[in-house]
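Required output: the full structure, derived from the provided sequences and hints.
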Amino acid sequence: MRTKKIKHMTGLTILNLFFLILCFLTLIPILYAVSLSLSNGSSGLSSGVSLWPKDATMKNYVAILTEEPFLLWLKNSVILSVGTMILAMGTAITAAYAFSRYRFKGRSGVLKMLLILNAFPQILSMFAIFRLFKTFHLLNSYIGLIIVYAGSMCIFSIWNMKGYFDTIPVEIEEAARIDGASSGQLLIKVVLPLARPAIIVTAVMVLIFVWNEYLFSTTFMMNADSYTLAAGLYQLQSGDYSRSWPLFSAAAILVSIPILIVFFCIQKYMVSGLTAGGVKG
Amino acid sequence: MLCAPLFRDGVNSMKNRQKIRPWTYSLPALILIGIIVVFPILYTGYISLTNMNLYHWDDYHIIGLENFARALTKVDSGFLGALATTILWTVLNMVIQVVLAFFIALGLNVKGLKLSRFYKTLLMFPWAMPAYISILLWRVGMYNTEFGFLNKVLAALGFEKMNFLSENVPAFISCMVLNLWMALPFMIMMMDSALQSVDKSYYESAKLDGAGFWKQTWYITVPAIRPILIPSVIMTTFTTFKQFDIVYLLTMQKGSLSGATLQTIITYAHQNAFVSNNYGLSSAVSIVIFGFIILFSLFTNRGVKEEA
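Protein chains in written order, with our numbering: chain H, 1 to 281; chain P, 1001 to 1308.
No wet-lab data here; the hints were simulated from the structure. Misleading hints may appear alongside valid ones.
Claimed, not checked - Calculated lysine-lysine pairs in the DSS-like style (CA-CA distance at most 27 angstroms, straight line): (1) P:K1019 x H:K7; (2) H:K5 x P:K1207; (3) P:K1019 x H:K5; (4) P:K1120 x H:K268; (5) H:K5 x P:K1215; (6) H:K189 x P:K1019; (7) H:K5 x P:K1111; (8) H:K7 x P:K1120; (9) P:K1200 x H:K5; (10) H:K7 x P:K1207; (11) H:K54 x P:K1152; (12) P:K1019 x P:K1120; (13) P:K1111 x P:K1200; (14) P:K1215 x P:K1114; (15) P:K1215 x H:K7; (16) H:K59 x H:K75; (17) P:K1111 x P:K1215; (18) H:K7 x P:K1200; (19) H:K268 x P:K1111; (20) H:K112 x P:K1019; (21) H:K59 x P:K1152; (22) H:K4 x P:K1207; (23) P:K1114 x P:K1254; (24) H:K268 x P:K1114; (25) P:K1254 x P:K1161; (26) H:K75 x H:K134; (27) H:K134 x P:K1254; (28) H:K4 x P:K1114; (29) H:K4 x P:K1200; (30) P:K1114 x H:K7; (31) P:K1200 x P:K1215; (32) P:K1161 x H:K54.
Structure, rendered in structure tokens:
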């Protein structure tokens, strides 16, 4: 019995050691970026292997906020993500409600069709959208990009919220209807408050999507004035990056922090939302 | 007598309203999806039948299935090579990912591992980071020839510095390592929650029967978690197959090509549309890829239903 216990303890110690090393290895790219963002210009180029700069400084963070148009990019990202969220959620909530509550001809057909359409990688039709937008002069405009983003996230949002609406018992709505609530009142006063968690999580995922999107925003926005954070960061590293690399890591850390915070707040919902919206028919 | 038809009219119009209401509710969303998703796909289909390119921006004409023939039958068009790369990429990534995630998750679920929650949180970081930032950080922070971390380690150990992204095989492996780094957290998390749902009493009786660790794993754990994991494995297979950002941002950014000529089918389609301006060919390839995806999803949907 004693030897068994000792065996178990050594096993656990080895396992703990394994996980400590694994976590450390996993975090190296991020730690190294943090270290470079704090480094003093040239020391990022020095030859020693270390994860902590010798003379840590915040000057890269100051520089990115004052010398680069970081705040302008931030403003553009905020405009785009809020606009997209309003358009995508505004259209998707009512649609999700309709698909969850009404039984009508074509319902399941449309739902299945949406899933197949969602499997189509948006990059592949980027050129068609580009040409379409060029014809209608929607390139270089917030509205154009907002429409693209909202359209891309609309199917996901519908499926995600429909799944949640399905779990709300119909009896609550029937009771409200007997009390004389009209169909519009029902949606705004009864269903939306009940579905609040699902709506918030879906909205946050739309925000994260826009915040992290670089391909459409670098292709469709050609003026430096309308760069988003993603486009701006892309620009920082694609230029003469050996010079601006510590600056770039500082910017990358600044952009990642809000996403990291939001991610760990809604992490448990992310899994259910992902699988519900992904494959389950 | 008089009021009966009137009454019926009222019922009919109410019924009609009931029928129309779901459509009015979903119309704005469907219009938006129609403009941004459906129409561009149809338009891509149309372009694939034309000779549209940089010189024929406006005066293109329909040439039938020539673009499809060029992509699918001529080896030098590069599509078939890209397809082979994509299949190899998807299979290798998925196998390594599932196996590694399984054993890591098993380790996290060992009884008595008090810090497992702490480890789990740390291991989730790569998933939480914005994808394009992770890729760019790896490109300059890890793989860079001068001050990338990996080359610093190599130099400190006394080896030659190496250019990870200049040739196809090292570039493929570098992309794969990065993809595993980014994708493993999700898989570990799914495996972990699947493992926690397994009824522990099975193991007790297996132990009484004298089954060792490998036997327990193979005959109890794997069959128990398989049905739970299939949806997330299928989903990850799709995202791995569609992966574009890693290869694009690591090796083929505008103005800073790394030297490797690695192409997946998606980067191939993108390159033909936005770099070499072969819009017709690119659209034909896009339609072919969409065909694959539809076939694959119909196939897997049936598989999932039978499994459940």
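Is the straight-line distance between the alpha-carbon of H:K59 and that of P:K1152 27 angstroms or less? Within the cut-off at roughly 24 angstroms; holds.
27 angstroms Cα cutoff - pair H:K7, P:K1207: holds (17 angstroms)
Hint check: H:K268 vs P:K1114, CA-CA at most 27 angstroms. Holds or violated? holds (21 angstroms)
27 angstroms limit on alpha-carbon distance, applied to hinted pair P:K1215 and H:K7: holds (20 angstroms)
Between P:K1114 and P:K1254, does the CA-CA distance stay at or below 27 angstroms? violated (48 angstroms)
Given the hint that P:K1200 pairs with P:K1215, does the C-alpha gap stay at or below 27 angstroms? holds (15 angstroms)
Pair hint H:K54 and P:K1152, alpha-carbon separation not exceeding 27 angstroms: Holds, because 16 angstroms separates the two Cα atoms, which is no more than 27 angstroms.
Checking one constraint from the list: CA of H:K4 to CA of P:K1114, max 27 angstroms. Satisfied? Status holds; Cα separation ~19 angstroms.
Given hint H:K5 paired with P:K1019 - CA-CA distance at most 27 angstroms: violated (69 angstroms)
Just to be careful, I want the Cα atoms of H:K5 and P:K1215 compared with a cutoff of 27 angstroms; is the pair within it? holds (22 angstroms)
Would you mind confirming whether the straight-line C-alpha gap from P:K1114 to H:K7 stays at or under 27 angstroms? holds (17 angstroms)
Has the given pair, H:K75 with H:K134, been kept, meaning a C-alpha gap of at most 27 angstroms? Given pair H:K75, H:K134 holds - Cα atoms ~25 angstroms apart, limit 27 angstroms.
The structure shown violates the earlier hints numbered 1, 3, 12, 23.
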